[in-house]
Structure formats: C-alpha cells, structure tokens
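Peer 1: Sequence:
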Amino acid sequence: NPSQNPSQSYQPSGTPSPTLIPTVSLEPTITESPSASADLCYDDWTTLSNDIRMASAFGANETFILCSETTIEVNGSAIEIFSGNITLQCGQTGSRADRCIISGGMDQFVLKSD
72 NPSQNPSQSY QPSGTPSPTL IPTVSLEPTI TESPSASADL CYDDWTTLSN DIRMASAFGA
132 NETFILCSET TIEVNGSAIE IFSGNITLQC GQTGSRADRC IISGGMDQFV LKSD
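Each number in the numbering used here corresponds to the 1-based position in the sequence shown with 71 added.
Hints in this document: simulated from the structure, not taken from any laboratory.
In this text the structure is predicted, and so the values were computed from the model without any measurement.
Every residue, glycine too, gets a C-beta built ideally from N, C-alpha and C.
Heads up, some of the hints might be wrong.
Just the calculated beta-carbon pair ranges, DEER-fashion [what the hints assert, rightly or not]:
#1 K183 - E140: 27 to 35 Å
#2 S184 - E140: 28 to 36 Å
#3 A168 - S148: 13 to 21 Å
Based on the sequences and whatever the hints tell you, model everything.
Peer 2: Below you can see the structure in the form of structure tokens.
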C-alpha cells in the first residue's frame with residue numbers, strides 16, 4: 072500500500088498501453104481489379120515511388136502493375152529511374168483499355184543513365 076510506506080511508488084496493475092510506432096510497407100497495396108480478385112497492383116504514388124526507387128537503385132528487373140481503372144495523383148517529386156529493367160504496366164494485361172492514369176506534377180518520371 073503506497074500510503075503506508077512513503078518510499079514506495081505506486082504502479083498501476085495490468086498491461087502497459089500500446090505505443091504507436093509508424094511503419095512503412097514496401098509492398099504494394101492489395102486491391103481487387105476487375106480481371107482477378109486480390110491481384111497485387113499500385114494505386115498510390117507514395118508506395119509506387121518508394122518501390123520503383125528501391126528496385127531502380129539495385130538494378131532489379133521489376134514490373135510494377137498499376138491498378139486498372141485508377142487515377143494516381145502525384146503527391147511528391149518525380150520518380151528517378153536509373154535502371155533499364157523497370158517496367159510500368161497498366162492492369163494485369165497492360166492494355167490501354169485498363170485506363171490507368173498518373174495525374175499531376177511537373178514531371179512524373181525522370182529516366183537517368185548510369
């Protein structure tokens with residue numbers, strides 16, 4: 072009992088409150104596309120840009136699929152691509168009919184040579 076011994080401090084019982092620690096995912100958003108359920112595709116600029124930058128920096132051979140029927144708003148700087156092995160594809164088939172749009176910004180992509 073804390074009131075009987077002044078040198079003791081009172082500690083509430085139970086589990087401590089959880090702390091909120093922000094996390095960053097390197098995985099694309101999982102969304103359903105019209106062509107198949109639960110296909111992996113990108114529907115936001117930040118995730119797309121982070122993943123392309125990482126793949127480009129390591130020279131990875133990657134295809135990044137934009138979600139069909141999606142407009143992605145540029146909310147940052149242009150994505151610099153240093154690797155010739157990066158492919159952007161609209162929808163699962165890569166068809167213009169899948170209507171992927173990247174909108175906004177002065178530049179969306181900047182291709183750089185090594």
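Peer 1: Each of the hints needs a verdict: does it hold here or not?
Peer 2: The hints, checked one at a time:
1. K183 - E140: 27 to 35 Å: Holds - the Cβ-Cβ distance for K183 and E140, about 31 Å, lies within 27 to 35 Å.
2. S184 - E140: 28 to 36 Å: Distance hint for S184, E140 holds at roughly 34 Å.
3. A168 - S148: 13 to 21 Å: For A168 and S148 the Cβ distance comes to about 30 Å; the hint is violated.
Of the numbered hints given earlier, the model fails hint 3 alone.
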